[in-house]
Every structure is written in C-alpha cells, then in structure tokens.
Amino acid sequence: MTGLVAQDRFETFGTQHLVVLGIFAVGLVVVVWFGRQVRGTEAEAWVSRVLAVGICCVTIPLQVMQFLPDEWSPRTSLPFQLCDLAWMFAVHALWTRSRLTSTVTYLWGITLTTQGMATPDLSSVWPEPRFIMFWAMHVLIVWGAVYLVLGLGILPTWATYRRTVAITLTWAVLVFTYNAVAGVNYGYLNGKPKGASMLDYLGPWPFYVAVEIVVVAAVWALLTWPWTRRAAKDALVETRAS
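Numbering (the numbering used here), first residue to last: 183 to 424.
It should be emphasised that the hints constitute simulated quantities derived from the structure, not laboratory data.
This one's a predicted model, so the numbers in the text were calculated from it and none came from an experiment.
Mixed in with the good hints there might be a few duds.
Here are the in silico distance ranges between beta carbons for each label pair [what the hints assert, rightly or not]:
#1 Arg257 to Ala403: 28 to 34 Å
#2 Ala362 to Val397: 19 to 25 Å
#3 Ala354 to Asp382: 16 to 22 Å
#4 Val347 to Ser255: 17 to 23 Å
#5 Leu356 to Phe195: 32 to 38 Å
#6 Trp254 to Val401: 43 to 49 Å
#7 Ser306 to Glu226: 35 to 41 Å
#8 Ala341 to Phe249: 33 to 39 Å
#9 Thr258 to Met380: 17 to 23 Å
Heads up, the beta-carbon is just placed ideally off N, CA and C, and yes, glycines get one too.
Assemble the whole structure, with the sequences as input and the hints as a guide.
As structure tokens, then:
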C-alpha cells in the first residue's frame with residue numbers, strides 16, 4: 183500500500199482516503215451477508231463474541247498508544263470522542279447482543295462515525311500509527327453496527343432510540359464542560375474543526391451545536407422508524423396467524 187498510495191500528508195478524497203473508503207464499502211456487504219448466515223444459529227453467539235474480541239485487539243492497543251510520550255496530546259489522546267465510546271458500545275453489543283447498545287452503535291455509527299470518515303480531521307498518512315488508529319476504529323464501529331442490525335436483526339425501537347438520545351446528551355454536557363475548563367475541543371462542541379466538515383453548513387458556534395442536536399435527533403428518528411414499522415408488521419402477522 184505504501185508504494186502505491188504514498189503521500190506526505192493526508193488529503194480528503196485523496197488516494198489513501200479513497201482506498202480506505204473502498205475497503206470499507208466492500209466490507210459492509212461482507213459483514214451483512216456474514217451476519218445473516220449466522221443469525222439464529224448456534225454459531226451466532228460465539229461468532230459475535232469473536233468479533234467483539236477482535237475489535238478489542240485492534241482498538242485497545244491503539245488507544246494505549248496515544249498515552250505514549252511520542253503520541254501524547256491533551257487535545258486528542260483522551261478517550262472523550264464519541265468514537266472512543268462507540269467502539270466500547272459495539273463490543274458490548276456484540277458480546278451480549280443487547281438491543282440498547284446495538285442501537286447506540288447503529289445510530290452513532292451510521293451518522294456520526296461516517297461523517298468523520300467522509301471529512302476526517304486527520305493529517306497522518308499510512309502507515310503512521312494515528313492513521314491506522316483513526317481508520318481501524320471508525321471502520322470497525324460501522325461494520326459492527328450493520329452486522330448487528332442488518333445482519334443479526336437486533337433492531338432499534340423507540341425506547342432504545344430515546345435512551346440513545348439521553349446517553350448522547352449526557353456525553354455532550356460532560357464533554358462540553360471539560361472542554362471549557364481544560365481549553366480543549368473534544369467532539370467539536372466548543373468550536374469547529376480546522377478542516378472542512380458538515381458543521382460548516384450549520385452556522386457559527388454555539389448555534390451550530392443546537393442545530394446539530396436537532397438534526398441528529400431527527401435523522402436518528404428516521405433511521406429508527408422503518409425498523410419499528412417492520413416490527414409492528416411482523417407482530418400483526420403473528421397475531422393473525424395465531
């Protein structure tokens with residue numbers, strides 16, 4: 183990969199970015215297919231737990247690496263970004279097949295994690311550790327989300343949607359407070375990223391934070407609604423059949 187796509191600095195939609203997005207897109211199809219193959223079988227539990235352990239094996243060393251002297255930065259190394267929490271929710275959902283943590287992984291992954299993948303605030307290139315850390319974490323979160331929901335069929339409900347919104351708002355309040363005290367900007371709650379992002383279309387700070395909350399909650403509702411309709415139809419069919 184180094185020889186084919188060598189770059190001095192990461193470029194949005196440059197060669198390295200497009201290669202990673204291509205791998206990500208192919209992987210989406212594979213994990214959904216694989217999830218449907220094991221759904222409802224004796225293999226579902228142990229396969230999902232193997233995937234959970236696999237995510238831990240990739241993400242934990244990468245997170246620990248951020249605390250090494252050469253990598254440490256108070257502005258980026260602490261596990262306060264949503265993706266730093268999302269992989270933990272993904273691991274719990276895969277291990278337990280919990281509907282709540284599956285919903286959190288799905289809603290965070292499909293919207294917020296993919297936004298970070300489309301407009302990454304990243305300067306490192308392959309094979310630098312921060313490049314690997316960033317992409318491994320983001321890709322595995324979304325793959326885990328689609329495996330759980332589209333593959334295994336652990337579907338969101340309105341109850342888990344509401345709890346996901348509450349969890350996210352709690353995170354936002356805590357991180358916003360820490361940012362203000364420490365003079366940092368985790369989650370871009372206290373200022374926009376330096377590079378281009380979707381936040382540029384939502385107005386100035388702090389207005390864009392409120393707009394983002396409303397937009398994200400609405401999009402999550404749209405992502406939840408089809409699955410609740412499907413569940414209602416399935417329940418109706420079962421009632422008529424009985």
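Results of checking the hints against the structure:
Checked against the given bound of 28 to 34 Å, the beta carbons of Arg257 and Ala403, roughly 33 Å apart, stay inside it. In this structure the supplied range 19 to 25 Å holds for Ala362 paired with Val397, their Cβ-Cβ distance being about 23 Å. At about 19 Å, the beta-carbon gap between Ala354 and Asp382 stays in the expected band of 16 to 22 Å. Between Val347 and Ser255 the Cβ separation comes to about 31 Å, which falls outside the hinted range of 17 to 23 Å.
Separated by about 33 Å at the C-beta atoms, Leu356 and Phe195 satisfy the suggested range of 32 to 38 Å. Between Trp254 and Val401 the beta carbons are some 35 Å apart, a value that contradicts the proposed interval 43 to 49 Å. Between Ser306 and Glu226 the beta carbon distance is about 37 Å. The supplied range of 35 to 41 Å therefore holds. For the pair Ala341 and Phe249, the supplied restraint of 33 to 39 Å holds, since their beta-carbon distance comes to about 37 Å.
For Thr258 and Met380, the hinted distance range of 17 to 23 Å is satisfied, since their beta carbons lie about 20 Å from each other.
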